[in-house]
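What follows is each chain in one-letter form.
There are 2 protein chains.
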Amino acid sequence: MNREIRLVSRPTGMPTLDNFELVETPMPQPGPGQVLVRNLVMSVDPYMRGRMNDVKSYVPPFQVGQALDGGAVGEVVQSQSDQLSPGDLVLHGLGWRDHAVGDAKGFRKVEALPDISAYLGALGMPGLTGYVGLVDIAELREGDTVFVSGAAGAVGSIAGQIAKLRGAARVIGSAGTAAKVDWLVNELGFDAAFNYRDAPVRSQLKSAAPEGIDVYFDNVGGEHLEAAIGALKPFGRAALCGAIADYNSETPSPGPRNMTLIVPKRLSLRGFIVTDHSRRMPDFLAEVAPAIASGHIKFASTFVEGLANAPDALLGLFRGENTGKMVVRL
Amino acid sequence: MNREIRLVSRPTGMPTLDNFELVETPMPQPGPGQVLVRNLVMSVDPYMRGRMNDVKSYVPPFQVGQALDGGAVGEVVQSQSDQLSPGDLVLHGLGWRDHAVGDAKGFRKVEALPDISAYLGALGMPGLTGYVGLVDIAELREGDTVFVSGAAGAVGSIAGQIAKLRGAARVIGSAGTAAKVDWLVNELGFDAAFNYRDAPVRSQLKSAAPEGIDVYFDNVGGEHLEAAIGALKPFGRAALCGAIADYNSETPSPGPRNMTLIVPKRLSLRGFIVTDHSRRMPDFLAEVAPAIASGHIKFASTFVEGLANAPDALLGLFRGENTGKMVVRL
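From first to last, the protein sequence lines stand for chains A and B. Each number in the numbering used here comes from the position in the first sequence (counting from 1) with 12 added on. Each number in the numbering used here comes from the position in the second sequence (counting from 1) with 12 added on.
Everything labelled a hint here was simulated from the structure, so no lab data went into it. Among the hints, a few may not be true.
Same chains, same label: a pair holds when it works inside one copy or across any pair of copies.
[What the hints assert, rightly or not] Straight line, CA to CA, 25 Å or less: simulated DSS-like cross-link-like pairs of lysine-lysine:
#: 1; residue 1: K68; residue 2: K218
#: 2; residue 1: K121; residue 2: K310
#: 3; residue 1: K176; residue 2: K117
#: 4; residue 1: K68; residue 2: K245
#: 5; residue 1: K245; residue 2: K176
This one's a predicted model, so the numbers in the text were calculated from it and none came from an experiment.
Chain A with its partners taken away, still in its complex shape (with noise of 0.2 Å):
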């Protein structure tokens, strides 16, 4: 038998295992062209959550009574295709099950790693997403001072980090707790990262950089964007990746209450989505793909184990639970 993970109900407000149900199914044979997939690590990734709503958007929402999907690192166990063999390790897009079949093209093959969760974190759609937000969104100028909010994350900690290699004077992060203010700090060399949950953003982030900001990479809204508009430099560049302050707001919330300092400060603000950039993954792969391998880039996944708390591991990233990118081992 295989198994899967269904949507039963869309949440309102922050989603609960029961909107989720793990189903067994009858193990898929691969038809011509096809592989059989065994999943070994699969993503939970804060978008998902607006996928679990009825609203057309980037991406489709899931179905109520069919399988999540998502990214997955598996090993093809079956193969009816010339293009991949039994052994080969393979990047794809039907995470939320043990056992994924598909047509030979939907799977990249990619090499053994010490760490093969990388591919669905720092080598993977949150590193690109850090990248391109970065680079071509906020256009990085060396010498910027940079603030990244979610910065422990799976984007903001490559996002911070790529900051530095690419010569920026300062950067910045906010994270959940205290251990993740420390990781920051002494591990991935932000020059200086808060506790957003000790005192407020603005003051904290003031503290943190006196003089202001040039880029602020924004992934969780709210209080964090307010206070970047307010921190922000004359010309200062946000782009904005997420906000996950707000993804379970059953109300809108309100927004910043500065935008009227966008005008004489001249700052730009501009939203992006990764898959429009897919184009950029060489260039994102040339440059930070041998910075992981030398240490300079460094990386982590918090797993969590079984199919089965799949849900619960997404649940786990709306209450700060991962420390970089948020993985399910199957």
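Based on these hints, arrange chain B on the given structure of chain A.
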């Protein structure tokens, strides 16, 4: 004797006439290289409200006890410079007084026109603001649907007409009276316009642009900006020029409640200040001056008579009393 308007106190919230005083001063005498100019028309502009506050911004604040300043057109009456001669018409920055004196290089000679107030509006800084905001900041493209708030003002009326001239598929404006709405549609050629006092901006914008907008030119902020964020299509662009709805707020207004749409819709919001873009003046004039001469772009000025009424003319901007440019005739 000469006369000038001084700032005597800084307002909290909406300014009152008590914040200003009309003062007689000795007639200034031009020194070597200087000219004496009798002002004919002077400008009042919404940005002047910000200069009444004691805050550092892109232009220095007005000083209490001193004359205000701003754009004006006058006639040279005495000259100690070989650059300018008595009778020359000049554009300069020493409004808010009957006569101005200064180095000749601070006065730009202009040609006589049937309505010289054009130099303060359609052919001046407000016109350039509309041009730069649409063309450079919002990156207007042929076929775009464009929404301009405050569209019957000096900036908005030119912005909307430049959009049409450059091939926008549909241009929609908002204004605060039925007469202005009528002027936008029946005189300026807007495709649609509405009175924002009649019903929520969101629903009126939805009716005027059921399929959404590509570009938003913001002169208003507040409810207008929220409605525009809701209406912008994916990859939509907003040029933020001003936020007249908030200039007299005593407490910061909450920002748009739909800021989280910026990411999934990949929106871009950019603030700008026209003085950063003065190198575009020749391009602007090359394109817009002939269109004004031929009647393809129309403009209006609302005249207030007499220097003594200049403070009330400034306050009138916030009461929406101007159609097109608000000008004081001296």
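Hints and how they fare:
In this assembly of identical chains, K68 and K218 lie within 25 Å of each other by CA distance solely across copies; the values are 18 Å between and 38 Å within a copy. For the homomeric pair K121 and K310, the shortest alpha-carbon distance inside one copy (23 Å) is at most 25 Å, but the shortest distance between copies (62 Å) is not. Neither within a single protomer nor between protomers do K176 and K117 lie at most 25 Å apart by alpha-carbon distance, with minima of 36 Å and 47 Å respectively. Within a single copy, K68 and K245 get their C-alpha atoms only as close as 36 Å, which misses the 25 Å cut-off; across copies the closest is 13 Å, which meets it.
Taking CA atoms no more than 25 Å apart as the test, K245 paired with K176 passes inside one copy only; the shortest distance there is 19 Å, against 34 Å between copies.
Checked against the numbered hints listed earlier, the structure breaks hint 3 alone; every other hint is satisfied.
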